[in-house]
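J.: If you want the building blocks of each chain, they are given just below.
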Amino acid sequence: MALSHYLKLFAWPENPQQWLAYSTRRGAYALLPGELVAALQQGRAVPPDTMALLEKLAFVTADSNQEREDVFSFNQRLNNLSTILSLAVIVNMDCNFQCRYCYEGTQKDKLYMTDKTAEQVVAFIRERTGPRIKKVILDFYGGEPLLSGKRIISLAAALQPCLQEQGVALELTLVTNGSQLTARAVNELLPWGLTSCKVTLDGPAHNHNTFRPFKNGAPSYELIVRNIKECCELTRIGIGGNFTRDNYHLFPQLMDDLQEQGLTPAKLAMVKFDPVQQTSDIFADLRFCGGCASIEEPWLAEASLLLREEILKRGYHTPKISPTTCMVDMDNSLTIHYDGTLYKCVGMIGHREYACGDIWSGMKEYRQQYHLDHWRKEEKCRECVYLPLCFGGCRFMAFQRDGHMGKVDCRKDFLDATLEAMLLQDVRYRHGQAS
Amino acid sequence: MASEIIIVFESGQDDQEIAETTTCCTNAQAPLRITS
Chain A
1 MALSHYLKLF
11 AWPENPQQWL
21 AYSTRRGAYA
31 LLPGELVAAL
41 QQGRAVPPDT
51 MALLEKLAFV
61 TADSNQERED
71 VFSFNQRLNN
81 LSTILSLAVI
91 VNMDCNFQCR
101 YCYEGTQKDK
111 LYMTDKTAEQ
121 VVAFIRERTG
131 PRIKKVILDF
141 YGGEPLLSGK
151 RIISLAAALQ
161 PCLQEQGVAL
171 ELTLVTNGSQ
181 LTARAVNELL
191 PWGLTSCKVT
201 LDGPAHNHNT
211 FRPFKNGAPS
221 YELIVRNIKE
231 CCELTRIGIG
241 GNFTRDNYHL
251 FPQLMDDLQE
261 QGLTPAKLAM
271 VKFDPVQQTS
281 DIFADLRFCG
291 GCASIEEPWL
301 AEASLLLREE
311 ILKRGYHTPK
321 ISPTTCMVDM
331 DNSLTIHYDG
341 TLYKCVGMIG
351 HREYACGDIW
361 SGMKEYRQQY
371 HLDHWRKEEK
381 CRECVYLPLC
391 FGGCRFMAFQ
401 RDGHMGKVDC
411 RKDFLDATLE
421 AMLLQDVRYR
431 HGQAS
Chain B
1 MASEIIIVFE
11 SGQDDQEIAE
21 TTTCCTNAQA
31 PLRITS
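These protein sequence lines map, in sequence, to chains A and B.
With the numbering used here applied, the first sequence covers 1 to 435.
With the numbering used here applied, the second sequence covers 1 to 36.
With the rest of the complex left out, here is chain B (with noise of 0.2 Å):
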């Protein structure tokens, strides 16, 4: 069972990148939080 057969696709991001990202409300209508 090793790692490689692990098939990542993305990786995410740690706290200090998310802080670095522009708050969800950069669109007038208050768009669905998490695909803003």
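Just chain A, with the same shape it has in the complex (with noise of 0.2 Å):
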């Protein structure tokens, strides 16, 4: 038994003799004693269940060149694995609000999924609702989704029947600028299969005022915080919020906020915010230019690990550091937009040229257009720990980079400068030990 190619140690600060083994392959972490990390580094002796433990962990491997080949088949096994069928299905490109930095930019207008569309998304779904398949989630996005809330309703009522029939779950969420996000809303989705709800708040009061403004300019924030207390009994209720390099550290307020009105953690399933990106295709709005446009931006190091902090010191939910799939990755996972074009990922509707088929010829090959396994190119992806957490990372960020996928998204920096205190956060707000 060898220690994996995929595992990172970091020194345990409150005593030298232990390290804090996190695999980048499993996501899993432990604390282990100095002298079994010097055994297995000098390939001593170590006690069997010790080994079977170190083992499922994957912190070792009985054969370093197999999990090497694992981990480059990783995506081609979870696609062989996945009995779900996951479509981001774009009902409008219409919206209420003018956000400053939306990356969907000149693109929206009043344009809306049409009877015919729906009626042949149906049969699409159905088409590809094979045998192995378990359960079908539709993520609704727009424009805004709330303003297709008929549209919503009449896609899952053509679908629910025939999949039933198939012993087929359906699933419904929303990504939702939550100004439409009443009880009534949320009580006419859920017979439907509506199981969360994902709404943005960008801070406080009035910074998201300033970012989010209704497209008349009026303030947004009270609206959607009232929503979110009227709904967040019956779904469960997700915070997303996108930060700039100039407001990050205003966003623990809106947490305050949040508490002082009674939206505790028992009541939100998750917290979790993320930089907004800059854009620069043909669809965005030049007049922003306070995003993003490289995960190697150092201040984002800082502040991920800074609102990270704050969201768990104040025991909100947030997701833990773990592989993750991409659509683009992943076979069963399509994004359907409303004139029912098929795309490999949200950020790209629109670029016809990432267009891959529409729902009446079906999915084209898309390998090339997508430059799948781009990452296999790059020497220092093939060697590198974090592979299993990135796969060359995120295809819109590079495309709005270089104006095309073809180069990696590199994330090595990024992880190197945060892994290890977010790992440190989970131990300390998580697993209640201090570090």
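Check the hints yourself; a few may be wrong.
[To be verified] The list that follows gives simulated cross-link-like pairs (lysine to any residue, SDA-like), each with its CA atoms no further than 25 Å apart:
hint	chain 1	residue 1	chain 2	residue 2
1	A	364	B	5
2	A	215	A	134
3	A	320	B	15
4	A	364	A	215
5	A	313	B	14
6	A	8	B	6
7	A	320	B	14
8	A	108	B	13
9	A	134	B	13
10	A	135	B	14
Worth flagging that the hints you see were computed from the coordinates, not collected in a lab.
Please dock the two separately framed chains into a single complex, following the hints provided.
T.: And the structure:
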């Protein structure tokens, strides 16, 4: 047995005789005695039960070459195992907000999915629900998806009976600005499988209202918070928020306000903040220039750590650090645009050169278009301990940076700067251990 | 050197569990992948 190539070891701050070990392959982490780490590094004998535990956590491997092959074929294996058809459905390109940084930019208009398209969306989903599929997840986007509440219900109503007949579950989720998220809207969607909503709040009221006002400039914060309070016991609500280098330090005030208003950790499924991305494509609003253009911007590590700390400190739920998949790499994950065009990333809608078929003619080959496995060409990726957490990073970010997806969006510097601190946050707040 | 001196905080996810989590892009801002 040898130490895994995908193992990070960090000195434990409280005791130099211990190491915090993290598997980027599995997302497992544990505190190991220094003597054990030394024995493993030197190839000395370790008790079988200890070795079995370390193997289960993916800290050691019997065959380093095989382990590397397993990671290289990770996405292929996940595709073979997946039983979920996961579709982002853009029901319209209309919005009642005028967010300063919206990545959909000038594409937004009064464009709605038609009856004819919706009918074919149902047929397309039915065709793709093969015997291996156990669940269909429809993640509704816009524009603002709740401007198309009736369309969401009609799609679900047309799908639910035939999926039920096949023993397939239907789940609906929403990414919404929250302005239309009333108890009535939620109650209408619940019977059709609504399981969660993600609502965006960009920090405290004054900042949020600057970045996410209604189209007429009116503030939106108060209404959204009122709606969340009205709906948080009806369905799971997660809070997202998009920060810039200039305003991230204000976001803890948002959580203080949510708590004061009764939106405690028990009432919210998740809180997570991400940087506003600086877009530079043909749809970008060139008046906005405060976004993050690369994960390598040094301020991002500091901002991400600070906000994660503030979230966990207050007891809110936020995602753990573990391998996650990208829609581009998953065969059963697609974006259906309002007009029936198919894409492999929600960020790419409207960029016709990235359309990969439509709901009438089906999916086209997209391997080259989206540069699948582009990380294989890069030695730094093939050798990287972070490969399972990254697989070449975000193609949308690479596209905004280079105008194409051919090159990777390397996360190494960011992970070098944040992983240890994030693990220590998790140990402290999720497991109650001083560090 | 017994296994009880190892403190396991998270045992992580196997491939099946990872395959059944949703993809990273459930956020329109294409978030940092590891924290999604």
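J.: Could you run down the list of hints and mark each one as holding or not?
T.: Outcome of the hint check:
1. A:364 to B:5: Violated, because 53 Å separates the two Cα atoms, which is more than 25 Å.
2. A:215 to A:134: Measuring from Cα to Cα gives roughly 41 Å; hence the hint is violated.
3. A:320 to B:15: 16 Å, holds
4. A:364 to A:215: 37 Å, violated
5. A:313 to B:14: Status violated; Cα separation ~28 Å.
6. A:8 to B:6: Status holds; Cα separation ~16 Å.
7. A:320 to B:14: 15 Å, holds
8. A:108 to B:13: Measuring from Cα to Cα gives roughly 39 Å; hence the hint is violated.
9. A:134 to B:13: 20 Å, holds
10. A:135 to B:14: Roughly 19 Å between the alpha carbons, so the hint for residue 135 of chain A and residue 14 of chain B holds.
When held up to the earlier numbered hints, the structure conflicts with 1, 2, 4, 5 and 8 and fits the remainder.
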